[in-house]
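Protein chains in written order, with numbering that gives the first Met the number 0: chain A, 0 to 611; chain B, 0 to 183.
Hints listed in this document are in silico derivations from the structure and should not be mistaken for laboratory results. By construction, the Cβ of each residue, glycine as well, lies at the ideal position given by its N, Cα and C atoms. Hints are supplied without guarantee of correctness; some may be wrong.
[Said to hold, decoys possible] Facing chain B, from chain A, some residues (calculated, C-beta under 8 angstroms): (1) Tyr261; (2) Thr352; (3) Arg353; (4) Met364; (5) Gly367; (6) Ser373.
Listed here are the chains, written in short residue letters.
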Amino acid sequence: MPLLNVSPVDRLYETLPNLDDINIPARAPQPDGETEDTQAIAAAFGNRILAAGLQHDLPFVHVAPADLRDLVIWLRDGDLAYTTLIDITSVDLSELPDPDPDVRFQTVYLLRSLSRHKALFIVCPLPGGDDAEAPSLAGQFPGAIWPEREVMDLMGIRFADHPDPRRILMPAAWPNHPLRKDVPLGGEDVPFSLTWDHPEFDGLGDQILDPESLPPDLPPGMNRQNMILNMGPHHPSTHGVLRLVVELDGERVVNVDPDLGYLHSGFEKTGEHRRYKDFVYYTDRMDYLSAMNNNLGYVLAVEGMLDLEIPARAQAIRVIMSEMQRIASHLFWLSTHVLDISGNGMSLLMYATRERERILDLFEMVCGARLTTSYIRIGGVWQDLPEAFLGALSEFCDLFPGRIDEYRDLVKDSPIWRTRLEGIGMVGREDALAMGLTGPMLRGSGVDWDLRRDQPYSGYEQYEFDVPTSDRGDGFGRYEIRMEEMRQSVRIIRQALDRLPDGLYRSDDRKVNPPPRTELDVSMESLIHHFKLFTEGFKVPPGMYYHGIEASKGELGFFIYSDGSGKPYRLHVRGPSFNNLYAIGGMSRGLMLSDIITNIGSIDIVLGEVDR
Amino acid sequence: MGLESNLKEGSLVTARLEDLVNWARRNSTWPLLFGLACCAMEMIAAGTARHDIARYGSELFRATPRQADLIIVSGRVSNKMAPVIRRLHDQMLEPKWVIAMGICASAGGPFNNYAIVQGVDKIIPVDVYVPGCPPRPEALLYGMELLRQKQTGEHFSKYVFTPEQPGVPAEAEQAMTGLAPRIG
Ligand code: SF4
């Protein structure tokens, strides 16, 4: 396949001999220590547990694939009540030291107990070398179906008894599994040449897959007796390049099959080739409506591994930014949702973008960018708030609650709004938990869970705010929740503004953050730190780590497997839109075709994050 | 203050037909309603009240390629999406124009990897490249201004089908475009 041969040319630069610690790269150490939960698991399963304990303060349990299902069922139904499967990912161990040819892959599962506010990671080393197989958890958690398909697609691990073993992101004819370590990053190197006949230009364009016009396969479970309708990837109301194959009986929806990957940009693979600090800029481009939240989620994961102390002022600034971003994201959701539902109700789009532009202006004030902010950096924030910012923000906070009332008055009593949302897109409480939904999708089904309050990070425990929930389970409930969340965000911003501490806006740990420019002229040590930081970056201790935050769409998590070097060995992103979008099938069955559009809006997806 | 205020009732104006048509086309270039990634958010922002793309007659984003004159490729083009964009472009009627918005659509940008096509100009011809990541709405509006300059100088002969130019046979077209003929 030509695809394998187009990775950029490696240029040779003369460098100093490698001064790295000989222990780098290293495998993640075995977990040590114990918690109540790992004790209970060890007591119940005895030597069927391969290892259990803590790693970077997170509880990990290693188990053989044969015992995985038993363990998960026991955890879900027993006293420990790990009722939600949040994420599934995988690691290709083949480039670590002492590779075991039989165990090339491992899968990693994240379970959460919402009632006990606990998280548990299960690591499952898979025998079988290149052709590994893991048991599928689809029978226990429907929310496992898509993440398992993703692992299958990108890593090439088979799942036994999986109900729907198709590729999910890559085109069906793709020749490899891109996240495997032996598959190159790909891409093209543009030659430093002034003539077009330079041989290095020959490869340009090679990596485009030959377009094939194949008659599309009928998704499993669909029946040609009914009408099969294709929606997207170019469709005005799918919020991006989402493709849906819809089976219709008359105008009633029988089945929906989303086809993802039209915006697959290889974030995870790219992350493995970038130094830790350089990936911050990529996170902006994932959920491009909430760049600040993405920045925050990623830096918290890296800081957790580094055990870095973040100054109080930086934490408060981060909270302000991520709440402003939540408002901006919800405003965009509201305007597009109204546009979808009413057909051509442009007025709310114009009103809501008026306020959104104010927020973008504020972002511009602090970091010079409107959308791709990269403002929250490892160790703090990029630079301090400018003088004028505080006044402008508090002016916004005064004005905004009144504007929310305005929007509410525009839509709340409109008969179109009500009939198209009430009782449409129902998600039951149990279903929401089993599918691993998060964010407003989960709270809209009556589950009172918000990471900001229940597992606080970045100092959220200091602020008073309510977590709106609704038992309605329909689109109207989720609308009410998002409106209320905007009010609560204003409340948090107010408190943070009132108590904004003085001090550093960025940690002064020189191993992680560059010294200020003025120091470079007077201190040799600063110069060395600066040089090291910008040539090789900082190193992160080996191990596995995950950090999840409550982004505007749900739980946004970053999983990192570090081998001790300056780049992540494996980087995985748990995008809330991806898991939430799985619900579209159940929400839409039995409704009318037009309700699918309502439901896409109500889930609030961003394709950059779904496809990554 | 335009022409109309200087004209008397029943006056005549003479102009070259080409100029007149170009004038009309450049002031009502309708873009395709088509967003790919982050840049699409700035494209939408260009359409809202603050930046108001309607000042230039381009506020009517058409959802079907058959009614659109301009395709703004607003974001990164993945390998899976590339054939779709190609087909959308093929479905648009002449005259048609393409703006590559942002560094991703222009040259792949930060995503130099297996998934992203390094520039949409590998699959469709591009008239204006707008740099930025994302370009601000003003930058997009400036790009459209450049496009209008280009439109001003267009000639009919570019679009007229003359019998001397024989129709392109299917195999030749395939060789030119790399696209397999459409099935069904
Ligand atoms: S150019 Fe930048 S903003 Fe535009 S799609 Fe690419 S990454 Fe996103």
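Kindly indicate which numbered hints from before are broken by the structure, ordering the numbers from low to high. 4, 5, 6
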